[in-house]
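As they're listed, the protein sequences go chains E, A and V. Taking the working numbering, I'd label the letters of the first sequence as residues 12 to 404. Taking the working numbering, I'd label the letters of the second sequence as residues -15 to 44. Taking the working numbering, I'd label the letters of the third sequence as residues 14 to 263.
These are computed hints drawn from the structure, not numbers from a lab. Computed from a predicted structure; not experimentally measured. For each residue, glycine too, the CB sits at the ideal point set by N, CA and C. Possibly wrong hints are sitting among the right ones.
Derived DEER-like restraints, expressed as beta-carbon distance ranges [as the list claims (entries may be wrong)]:
1) A:Leu(-6) with E:Ser315: 50 to 56 Å
2) V:Thr178 with E:Gln151: 21 to 27 Å
3) V:Ser138 with E:Gln151: 14 to 20 Å
4) E:Gly74 with V:Glu166: 57 to 63 Å
5) V:Arg130 with E:Arg56: 39 to 45 Å
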Amino acid sequence: MSVVCGNCHAILDASNENLAIFQRFKGKTDKAKPLIPLGSRGKWRGAVYDVIGFQRRTGNADGESFSWNEYVLFNAAKGFRYFTEYNGHWNDATPATALPEEQAFGTKYLGKTYKHFQTVTVATAFVLGEFPWQVRVGEQVRVADYIAPPYVLSSEKNANEVTWTLGEYVHGKDIWKAFSLSGEPPKPTGIFENQPSPARVSMGEVWTAFALFFCLILAILTVNESFAQKLQVFFDSYRFQQTAGTEASFVTPIFELKGRTSSVEFKTYASVENQWLYLNYALINADNGQAYDFGREISYYSGSDSDGPWTEGSHFDSVLLPSIPSGRYYVRVEPESEARFGPIAYQLTITRDVPNYDLYMAAIGALFAPAILISWRTFNFEQLRWAESDHPR
Amino acid sequence: MKKFYLAYGLLVVSMLAFGEYRGWSFERVNEVKNVPKSVRDNPGSYRSVYAVYHHYTGGK
Amino acid sequence: MTQPAMLCPNCGAPVLFRWSSSIQTTCEHCRSILVRTDVNLELVGQVADLPLDSSLIQIGTEGIYQNRPFTVAGRIIYSYSQGNWNEWHIVFTDGTSAWLSDAQSRYGLTFRIQNERVPRETDISVGKTFHFQDIDFTVTAITRAHYRGVQGELPFQYWDKDVATFADLLSATNKFATLDYADGEAVLYLGELVEFDSLHLRNLIGTNGQGGKSARLELPRLRRCHRPASIWANRVGGLRKLPRHSGRQQ
Chain E
12 MSVVCGNCHA ILDASNENLA IFQRFKGKTD KAKPLIPLGS RGKWRGAVYD VIGFQRRTGN
72 ADGESFSWNE YVLFNAAKGF RYFTEYNGHW NDATPATALP EEQAFGTKYL GKTYKHFQTV
132 TVATAFVLGE FPWQVRVGEQ VRVADYIAPP YVLSSEKNAN EVTWTLGEYV HGKDIWKAFS
192 LSGEPPKPTG IFENQPSPAR VSMGEVWTAF ALFFCLILAI LTVNESFAQK LQVFFDSYRF
252 QQTAGTEASF VTPIFELKGR TSSVEFKTYA SVENQWLYLN YALINADNGQ AYDFGREISY
312 YSGSDSDGPW TEGSHFDSVL LPSIPSGRYY VRVEPESEAR FGPIAYQLTI TRDVPNYDLY
372 MAAIGALFAP AILISWRTFN FEQLRWAESD HPR
Chain A
-15 MKKFYLAYGL LVVSMLAFGE YRGWSFERVN EVKNVPKSVR DNPGSYRSVY AVYHHYTGGK
Chain V
14 MTQPAMLCPN CGAPVLFRWS SSIQTTCEHC RSILVRTDVN LELVGQVADL PLDSSLIQIG
74 TEGIYQNRPF TVAGRIIYSY SQGNWNEWHI VFTDGTSAWL SDAQSRYGLT FRIQNERVPR
134 ETDISVGKTF HFQDIDFTVT AITRAHYRGV QGELPFQYWD KDVATFADLL SATNKFATLD
194 YADGEAVLYL GELVEFDSLH LRNLIGTNGQ GGKSARLELP RLRRCHRPAS IWANRVGGLR
254 KLPRHSGRQQ
């Protein structure tokens, strides 16, 4: 078997010692290839680091075996740090500077509480390059991960030692950029333990914001209720009988709408019993001829059938006219009904500056919908996150 | 995302306050301009020539 | 980089291998490909390489701790099954001694404490908590190590090369303690973990990685290929048809 050197075209045969070294090396390192080549150098978190070591570790969870890769980075002044990669998810880990406290509801470290995610026994499957301690294939440790996304607090225990590291979720593309690596980082699959939620806001934060806005709306309502005029400016009662051919419309006397431009409420009551009454209203400004034209129907039916008594409709109708400027106004009324109904009595009450309660409902709805949407997305994400842990929800 | 929701919420609440102040409503109301005050107020009721002659010139 | 400097056999320029088991590199001056022959290929993939002693600190390094200037006067190198670490003996201007522990770039500065009750070697285990000077300390590591070498001035005259037990203890803050069982009776050292930058060290070794004892004592021999090349040669079943070539190789 002969081999040709790719560049100098020298023919190397199997007895060539250089070739032997290359081939043996290739054989030993084919098992796992570091995605970040050893010897890479890059600027990371304000210092220049060299990637000097690589390790592949394997663990067993729920009967399934999984592996991840670790890279050792070194800077003479800053010391060591580690990149871990699992299914395209990267973490930047540094040794903890104090001892975390394991408590009942979580592990506390530097004021933050981390929730237990997983404990698993892992073994080194492959190791290349330098490590701060002499890692050997087969070396076993018990690893426990506690999360507070985007952070993960990890402990590694064997009989003689426990070490803690703090990891922060980082994106492959940032590593590729910092170390000027060619190609693309591996695409992440699934959701990793400390991967930050894409909404980047927790359910607690969203609903706190909603509660705050709700209180704000209540405050506005209180102010609105106390300052709105709610002044009745017109009231009258009428009787109407639909007859063929006659012009039924009439106008009311002039009344005044005072104050700022605001709403006007038209409340109609009609004593309809299994009848309907249609009223075509127009609110007309006596001075400039501006008219606001609209129609309202009032109907009420009642009866009894096999299921018992039933009713339909209402005797009352209320409508809010928007943004009517102040001034002198009168109303043109054009009633319509069916002749066979006979005379129908009705009353009209006009009130100036009434709060629009529908607007409050709309505002609350507009705030509620996105909060629900964000909560739903976050909930789904968190379900997927914890599905991989020792505590699936 | 948090900033979006807060900004959006502030917008909704401001619009609510402004809307209540200005009397906004969801009703569709037809606005008609220049409604005549009386039957005498119609396009054919006045002729500009009337302003020149201050006496009766004939016609009904 | 923590590798010893080597010289190119072709042009004599200094050569760096980019990582510890890297078996090839290219000389930046003459572009020869250089192959290392001393890498233990049996261990590649199986055992990590011990980092060479890359400490920047040396005897004579000066620094400041809590506004008190100190000088590095002596050094002990400890060796255990998986590596080494340094304990630097530092002396403050008022004559007080302290120890700067330098373990793979994690630094801890401790003072010997005499009037605390210390546990026996049989009483300690990883995870156990003890109370020193009103602070809770938990044992995080128990190491069996021996002295590998000493340098400079040390506050004691005698040491022996037998294996002894050393324990590291950490607290919920950056307070740090060690228990030294080398003399049979436990000796307690108490202090804190410190950041390298916070000591404002001067008179350090230059960063060419030539500090202290090297873990590999032999300089590797290098061979070269004829021209710079991609390393992985093309496999062929037989001889490839080539232009007539003298096949120069070493």
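Hints breached by this structure: Hint check: nothing fails, all pass.
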